[in-house]
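Using the sequences plus the hints, can you model the full thing?
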Amino acid sequence: MTLGIGWVILIVIIAILAGLALGFFIARRYMMNYLKKNPPINEQMLRTMMMQMGQKPSQKKINQMMRAMNNQSQIK
Numbered sequence: 000m001t002l003g004i005g006w007v008i009l010i011v012i013i014a015i016l017a018g019l020a021l022g023f024f025i026a027r028r029y030m031m032n033y034l035k036k037n038p039p040i041n042e043q044m045l046r047t048m049m050m051q052m053g054q055k056p057s058q059k060k061i062n063q064m065m066r067a068m069n070n071q072s073q074i075k
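Numbering (numbering that gives the first Met the number 0), first residue to last: 0 to 75.
Worth flagging that the hints you see were computed from the coordinates, not collected in a lab. Hints may be right or wrong, so weigh each one.
As the list claims (entries may be wrong) - Straight-line alpha carbon distances no greater than 20 Å define the calculated SDA-like cross-link-like pairs of lysine to any residue that follow:
1) Lys-55 with Met-44
2) Lys-36 with Phe-24
3) Lys-60 with Asn-70
Unchecked claim - Between beta-carbon pairs, the in silico distance windows are:
4) Leu-19 with Gln-58: 20 to 26 Å
5) Gln-73 with Ala-17: 30 to 36 Å
6) Leu-2 with Ile-25: 31 to 37 Å
7) Met-52 with Arg-27: 32 to 38 Å
All C-beta atoms, glycine included, are put in the ideal place defined by N, C-alpha and C.
Right, here's the structure in full:
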């Protein structure tokens, strides 16, 4: 009887480990696809957005906004 319980525990542990590994790889693939479709904002994108809003972006202003966005993303 104890031999049967041992096998059940072993199978449960193996299933949990397999689920964790599979979940990790699925989540990793999802994030890679998400970042490919929605890349994070870079300086060129920020400059283009500012020009579309009618502002003439200076490098100082762009650097300031990039720093603010990076600080905001690190807080979360």
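Here is how each hint holds up against the structure:
Taken as a hint, the Lys-55 and Met-44 pair is honoured in the structure, with Cα atoms around 14 Å apart against an allowance of 20 Å. This hinted pair checks out: Lys-36 and Phe-24 have alpha carbons roughly 18 Å apart, not beyond 20 Å. Proposed proximity of Lys-60 and Asn-70 is supported: the alpha carbons are some 15 Å apart, at most 20 Å. Remark: the range hint 20 to 26 Å for Leu-19 to Gln-58 is contradicted by a beta-carbon distance near 46 Å.
For the hinted restraint 30 to 36 Å between Gln-73 and Ala-17, the CB-CB distance of approximately 34 Å keeps it satisfied. For Leu-2 paired with Ile-25, a C-beta distance near 35 Å keeps the hint of 31 to 37 Å intact. Range check, Met-52 to Arg-27: about 36 Å between beta-carbon atoms, so the 32 to 38 Å window is met.
Hint compliance for this structure: hint 4 is the single one not met.
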